[in-house]
Amino acid sequence: MDNTNVVDNQFLETKLNISAKRTETLFRILFMIMAALLILPVLIILTTLVVKGGSMLSWDFLFSDPVNGMTEGGIFPALLGTVWLVGVALIISVPVGVAAALYLSEYAPDNWFTRAINLAIINLAGVPSIVHALFGVGAFVIFFGFGTSILAASMTLAVMTLPVVIVATRESLQAVPQAFREACWNMGATRWQTIRRVILPNSVSGILTGVILEVSRTTGETAPIMFTGAAFFIPVLPESVFDQTMALSLHLFVVSTQVPHVPEALPYGVALVLIMMVLLMNSASIALRMHLRGKKKW
Amino acid sequence: MKPGRIVLLSMATAITLSSQNLAANTLIQNKGSDTLVNVAQAWAETYPSVNPEVAVAVSGGGSGTGIAAMINGTVDIANASRQMKKKELKKAKESGQDPVEHVVGFDALAVFIHKDNPAKELSFNQLGKIFGRGGDFTKWSDLGLSVPGCGSDKIVVVSRQNNSGTYAYFKKAVLKSAAKAGIIVKGSFRQGTLDMHGSKDVVDLVEKTPCAIGYSGLAYATDHLKLVCISKNDGDSCISPSVTTASDRSYPIARPLFMYTNGKPVGAIKGYLDWIHSVAGQCILKNKGYAPVHDVTCP
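From first to last, the protein sequence lines stand for chains A and B.
Residue numbering for the first sequence is -12 to 285, as defined by the working numbering.
Residue numbering for the second sequence is 12 to 310, as defined by the working numbering.
Treat the hints with care, as some may be off.
[Stated by the list, open to error] Simulated restraints, written as ranges between beta carbons of each label pair:
1) L33(A) / E218(B): 21 to 31 Å
2) D306(B) / D47(A): 33 to 43 Å
3) K96(B) / L275(A): 53 to 63 Å
4) N173(B) / L27(A): 34 to 44 Å
5) L275(A) / P310(B): 52 to 62 Å
6) D285(B) / L27(A): 49 to 59 Å
7) T204(B) / L275(A): 51 to 61 Å
8) N173(B) / V54(A): 32 to 42 Å
9) G274(B) / A107(A): 35 to 45 Å
10) S199(B) / M21(A): 41 to 51 Å
11) I273(A) / S163(B): 47 to 57 Å
[As the list claims (entries may be wrong)] Below 35 Å or equal to it, Euclidean Cα-Cα: the simulated DSBU-like pairs (lysine-lysine) are:
12) K297(B) / K39(A)
13) K39(A) / K237(B)
14) K98(B) / K281(B)
15) K243(B) / K219(B)
16) K39(A) / K219(B)
17) K39(A) / K126(B)
For the record, the hints were derived by calculation from the structure and aren't laboratory data.
For each residue, glycine too, the CB sits at the ideal point set by N, CA and C.
Please model the complete structure; the sequences and the hints are all you need to start from.
Next comes the structure, spelled out in structure tokens:
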């Protein structure tokens, strides 16, 4: 009897092995394709925009006023308006959001009140942007009497993006090891001293993530600003938060659906600038975040 | 500097800037009709060269949006491509507003079909049968036409959202008239129309859809569409929509375009409206494809 054959056979693949392996490969490839598909829309959108709108890009396009019924000229008032809207929204929502997250993470006891706040945050995050827009009209434009202004629009945006800031901040606060806090308290530090000297410096990268997300979302939002502060056209640049302004997202909507006889490349150009603005801000914040993360000692 | 102080500083700066600014410049809020929005924009774009002290902020949204804003007092001038209804006037009075009407131009409401559609002219009664509830015409063959590229033969009826002044005027002028003639039972739109949110959307859709028929202001017409010649009564000779036929009121669906102010206009608003009615203002309107309120010779 030949023993070697028996031993070899033990290591040969049975039919069951082979089919299991095949299934394995099949699923791996399938999942990989699905994951790769995620890149596809991004690629398609970017390529389309660059191909169709790339020719529009120039300093002149970015920094001059629209002329001739907004079918020619640049987008400066809209660009500047978006910076105003996003900036003021950040000034409002970041302090409020971070403070709320600090309370929830560092001070709040687990009782019905805290649970109610958490529930409110979750629900606030689920409210569609158009509902925020109508809320903004009722609350900020009419009730508080801000009129259609940057202030009213930015406050609407701030309310809308608060949940993002709160959740991201809270999560990064909670990522700071509990031992850090306990060590501080044992040294006789108060909660505020602990937050100020230990928790915040260690969680700033996570808080920045929340801010990044907010900026990206705010830049592109159209509905909440449409009725509260953004105009179809305005020949002057905003000088204060009580002025109305044009905005890039609304301008894109306007030139692609409202104005007749617009050259085809124009809307694509506006969209490209909008996307580039978001990407630029995101990359800057991501770079900053990585820099801060590199300093982390744990 | 600490971040908190930067926040405070920027807020303080903003408030300081704003108080200076409110005194220096006059801003006129102008909102409403999508039909008028592009000419309103052209006026606002040119006006700073006439009077640099006054800036006009223009928003669209539809005649209904403008009128609603006039009622709750958030605009200085509301644009509308239809008159305010009695109910709206009453509501405005109740909230302390006193809307005063100004006709700033005329607009031919054009009926569009696809370029390949062989139809040339339609009467009010035929339009009633196509657009009206209970109308007989649901297929192009009902009109004795065969439309190339329209395999289903079904008429795709394109209309507007119901707060549009264009929607309201078409309903009043064409459908009510057809209902009076007994062609359709009620003067309302048929169900299953595609209601577009803006004149440009109507034009874009009809350009691409061989089966479609739609309507909107003449200013939105493009070379890729066919404009239907319209007759008021069956058998009348039809009139094609143009700035000329809208100006001499021979085109049957020409409508006035309105601006509403709160009370008799004074100051900057009066200056702006006077300029709109001047030759310079009316020429801007004419160049955009609307008919001026009085005869003007434009460069």
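Here's how the hints hold up against the structure:
The hinted window of 21 to 31 Å between L33(A) and E218(B) holds, with their beta carbons roughly 28 Å apart. One distance hint, 33 to 43 Å for the beta-carbon pair D306(B) and D47(A), holds here, with the actual separation near 39 Å. The beta-carbon spacing between K96(B) and L275(A), approximately 56 Å, falls within the hinted interval of 53 to 63 Å. In this structure the supplied range 34 to 44 Å holds for N173(B) paired with L27(A), their Cβ-Cβ distance being about 39 Å.
Checked against the hint of 52 to 62 Å, the C-beta distance between L275(A) and P310(B) comes to roughly 55 Å, which is consistent with it. Restraint check, D285(B) to L27(A): a C-beta distance of roughly 57 Å satisfies the suggested window 49 to 59 Å. Here the CB-CB span from T204(B) to L275(A) is close to 53 Å, well matched to the stated 51 to 61 Å. Range check, N173(B) to V54(A): about 34 Å between beta-carbon atoms, so the 32 to 42 Å window is met.
Checked against the hint of 35 to 45 Å, the C-beta distance between G274(B) and A107(A) comes to roughly 44 Å, which is consistent with it. The hint said 41 to 51 Å for the Cβ distance between S199(B) and M21(A), and at roughly 49 Å that hint holds. For I273(A) and S163(B), the hinted distance range of 47 to 57 Å is satisfied, since their beta carbons lie about 52 Å from each other. For the proposed pair K297(B) and K39(A), the alpha carbon gap of about 32 Å is at most 35 Å, so the pair holds.
For the hint linking K39(A) to K237(B), the alpha-carbon distance of about 28 Å falls within 35 Å, and the restraint holds. Among the hinted pairs, K98(B) with K281(B) is consistent with the structure: their alpha-carbon atoms are about 26 Å apart, no more than 35 Å. With a CA separation close to 28 Å, the supplied pair K243(B) and K219(B) stays within the 35 Å bound. Note on K39(A) and K219(B): the hinted pairing holds, with a Cα-Cα distance of about 20 Å set against a maximum of 35 Å.
Note on K39(A) and K126(B): the hinted pairing holds, with a Cα-Cα distance of about 26 Å set against a maximum of 35 Å.
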